[in-house]
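All chains should be modelled from the sequences, with the hints used to inform the complete structure.
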Amino acid sequence: MVFPRQKLLAQKREAAEARLAPLALPAGGKWITTAREDAKARLSAMGLPVRRDEYWKYTDPASLVQAEAPAAALFDDSDESEVFDTLDPLKIVFVDGVFDPEASDDLAMEGVEIALLSEAAKADLHWARDLYGALEADGQSPVERPLAIFNTAFAAEGVLIRATGQAARKISLIYRRRDAGADVLLHHVVKVEAGAEVTVLEHGPAGARFNQVMEVDVADGATLHHVRAQGRDHERRTAAHLFARMGERSVFKSFTLTANGAMVRNEAVIWLNGKGGVAHIAGATVGEGAFHHDDTVFITHAAPDCESRQVFKKVLRHGAVGVFQGKILVKQPAQLTDGYQISQALLLDENAQFLAKPELEIYADDVKCSHGSTSGEIDPVSLFYLRARGIPEDQAKLLLVLAFLAEALDEIEDPDLADDLRPRIETWLRRRSG
Amino acid sequence: MAALDNATEVREGVDRETVETVRSMSGTYKHGWETDIEMEFAPKGLNEDIVRLISEKNDEPEWMTEWRLEAYRRWLTMESPDWAMLDIPPIDYQEQYYYAKPKSMVEKPKSLDEVDPKLLETYEKLGIPLREQMVLAGVEGAEVADERKVAVDAVFDSVSLGTTFKDELAKAGVIFCSISEAVREHPELVKRYLGSVVPQGDNYFAALNSAVFSDGSFVYVPAGVRCPMELSTYFRINAENTGQFERTLIIAEKGAYVSYLEGCTAPKRDTHQLHAAVVEIVVLEDAEVKYSTVQNWYPGDEEGRGGIYNFVTKRADCREDRAKVMWTQVETGSAVTWKYPSCILRGDDTQGEFYSIAITNNHQQADTGTKMIHLGKNSKSRIVSKGISAGFAQNTYRGLVTMHPKALNSRNYTQCDSLLIGDRCGAHTVPYIEVKNASSRVEHEATTSKVDDDQLFYCRSRGMDEEEAVALVVNGFCREVLQALPMEFAMEAQALVAISLEGSVG
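If you're matching them up, the sequences are chains B and G in order.
Heads up: the first sequence begins at 312 in this note's numbering, then just goes up one per residue.
Heads up: the second sequence begins at 2 in this note's numbering, then just goes up one per residue.
The set of hints was computed from the structure by calculation and includes no laboratory data.
Built from N, CA and C at the ideal position, the CB exists for glycine as well.
Treat the hints with caution; some may be incorrect.
[Unchecked claim] Label-pair restraints from in silico Cβ distances:
# : chain 1 : residue 1 : chain 2 : residue 2 : range
1 : B       : ASP390    : G       : GLN456    : 54 to 60 Å
2 : B       : GLU325    : G       : PHE42     : 46 to 52 Å
3 : G       : PRO90     : B       : ALA717    : 50 to 56 Å
4 : B       : ARG700    : G       : LYS407    : 34 to 40 Å
Structural data, given as structure tokens:
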């Protein structure tokens with residue numbers, strides 16, 4: 312008799328074979344070809360994700376997995392200025408996943424070495440060799456992330472950033488769309504050497520479907536700030552994976568703002584491997600209608616004295632679905648861990664849904680770990696308080712929604728970045744209200 | 002640890018209960034002895050003939066036999082669940098006995114007076130009163146207990162020995178008997194409700210139980226009746242290599258109330274023993290059921306040898322408006338615990354509560370929690386779970402709270418706290434939260450920490466040794482749940498909390 316579990320694996324492998332059959336690995340030098348072939352083999356063995364996978368319990372992977380990217384109407388966002396533009400970052404622009412040298416700045420900058428994956432892949436050796444696909448592979452256990460393996464095998468473009476000192480400017484990766492059906496794969500590697508510091512920004516929708524992997528190595532005493540705004544397109548689909556390995560006393564802070572999108576799955580996998588590391592990961596989400604947003608986070612404390620924070624806030628209405636799967640794993644040597652996790656949803660009408668699985672797995676005894684998760688509508692008492700002070704209902708609700716999202720935005724360390732995002736959220740919400 | 006004799010003065014600021022608890026810590030697993038008695042076994046292994054044989058032994062009607070066989074066939078197509086955080090070597094289901102009955106029970110005794118004295122002694126030794134003039138041993142002498150009666154159904158391996166206070170309960174209209182008796186005497190009730198909360202194919206272990214359950218308790222409380230006493234079932238596994246598969250069915254009609262207690266122990270053995278139970282509770286309009294468990298199956302020794310594998314499916318269906326159910330469990334025994342007492346809050350304004358203490362020490366593993374399924378409007382649920390892990394043990398809270406789109410204005414509050422004692426154990430929390438409407442409010446909080454050094458220091462500086470101090474702190478940690486237990490169980494549970502942690506410090 313074939314039992315359900317064997318049958319499921321067989322189905323997943325068949326799906327992977329069918330998906331891989333017509334695809335050829337991008338051409339490249341030795342180092343990247345090795346990584347891509349390895350990934351392809353790993354994917355064949357693992358299979359593609361299906362709804363019955365526990366890790367996809369709340370999100371249907373079908374539209375992220377199928378061969379053709381579902382078309383997504385282009386969205387005109389010319390009503391607002393370019394995100395992060397006032398901060399004068401070094402811009403690297405991709406249009407439908409293709410590097411646009413005209414729109415991009417010169418990649419040379421003090422303290423940072425920047426290369427395009429398509430260029431670096433031509434060589435037989437590159438510093439990124441030790442990281443490309445390696446952190447992603449580490450991130451396949453204990454939970455499988457086959458979409459990231461697919462990316463390692465087939466991404467032909469991306470940015471390789473190596474910070475050796477204090478970066479002179481922030482680096483902004485800008486994703487633009489022209490083709491309503493573009494299926495985009497980008498694979499970035501960020502290496503922050505000991506004591507170095509850099510800020511990487513991302514914004515824009517990238518493609519009708521966007522599969523992104525960012526592998527991050529933050530060495531001892533290094534700092535990486537990461538802030539992204541995932542665009543406003545309603546119909547786009549995104550599967551983003553962030554893998555971060557952290558050294559002693561390193562700092563990594565990542566914030567994601569998501570508005571709209573038919574399907575967004577943002578996974579983050581972080582290892583605190585050195586003593587005294589600090590990892591903060593936060594997200595603010597505003598969605599309505601056919602909107603499915605999934606934050607899946609896995610933080611491993613493998614060394615003592617580390618701190619991790621997860622702060623996720625979602626405002627949902629008109630049938631929007633918010634998902635949060637967050638896990639803190641504290642290994643036995645990770646004594647004196649401070650782990651905190653909060654996931655909250657504000658449901659603005661009866662059709663919205665919030666599905667959460669906040670997990671703790673702890674093998675060290677001298678730890679302080681907590682998680683909280685709440686879901687509910689706007690607090691009627693707070694609303695009454697504001698109304699009693701003469702604030703119209705729409706305005707009062709807007710204020711309360713902004714206050715709710717503020718806790719996640721406060722996780723952005725650089726106030727200039729937070730100040731760039733805050734008024735945008737307010738404008739979007741104002742336009743939708745009523 | 003220092004032995005505390007009865008003369009030990011109760012120190013100022015320390016309440017008597019705690020001292021009592023610490024006093025009883027002197028023994029380890031107290032119920033590990035076995036009763037030497039001749040048993041009748043069904044042949045080893047599991048197949049359709051065994052299922053038929055169990056049915057035949059219980060004098061069951063044809064429909065019941067068919068029901069079991071259907072479950073067995075379902076079971077054959079199922080896989081043992083692997084999602085729990087439990088490390089269990091594969092179980093050979095053909096190496097077990099599925100039916101064991103004391104020889105003296107082959108001719109069913111007419112009353113408890115005719116039961117083999119050896120069997121009665123077993124229960125006496127366990128502190129379970131099978132004579133009606135007795136009350137539970139744990140509360141003898143306690144002031145409140147004077148007037149309290151507890152009716153007991155005693156299940157020994159595969160059979161029920163008898164049930165006390167039957168007549169007095171019958172006067173009130175309450176039916177309390179073994180499930181095998183209910184199948185014969187009240188087939189219309191059993192047929193209507195059996196499997197209506199936990200269907201045969203619900204899960205692997207429920208399917209196994211549906212096929213081979215041998216005995217268990219049946220409770221029926223008619224409309225408007227408040228059950229005049231606490232009902233209790235005491236399960237004892239005695240025979241070696243024998244699985245116990247009990248099935249409990251409780252029905253509370255409109256406006257009824259019943260409080261039900263369940264206790265269990267088993268002898269010490271080097272081999273693992275299987276226990277797969279199903280408890281179904283049907284709660285109708287305005288009715289209320291309290292179900293309390295003190296699970297003290299043999300946990301295995303310090304090296305992790307032996308102990309019970311405890312796979313339990315417990316579910317209450319609050320079928321009509323304003324029905325209420327409360328699960329309270331103290332899980333201290335078993336090598337492996339896989340157990341999720343759940344509430345289906347189907348009616349409007351229904352209420353479900355779950356209070357749990359799970360303690361694991363040495364090599365014990367527990368994966369336990371609850372499901373609160375909100376279907377009706379204004380339904381409320383509350384979960385308080387305290388997990389304590391020591392030695393090399395792993396302790397997981399796994400829970401589900403789901404608010405369906407129609408369950409408007411519902412509320413859930415969940416609090417899960419874990420305490421770690423020692424750096425070789427693990428404590429895990431795996432909650433699932435599904436909110437599908439906006440007017441419901443769901444709050445979940447979880448913390449994991451170690452026994453607070455300041456609290457320990459405070460106790461130590463007042464002259465307690467380390468184990469006493471830990472017991473006191475742990476008791477405080479568990480208080481919220483212990484308070485939800487009926488008096489009879491609270492004391493036993495409190496003592497167990499301390500015993501289970503013995504040897505975990507220093």
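Hint by hint, here is what the structure shows:
no.: 1; hint: B:ASP390 / G:GLN456: 54 to 60 Å; result: 58 Å, holds
no.: 2; hint: B:GLU325 / G:PHE42: 46 to 52 Å; result: 47 Å, holds
no.: 3; hint: G:PRO90 / B:ALA717: 50 to 56 Å; result: 51 Å, holds
no.: 4; hint: B:ARG700 / G:LYS407: 34 to 40 Å; result: 35 Å, holds
In terms of the numbered hints stated before, the structure departs from none.
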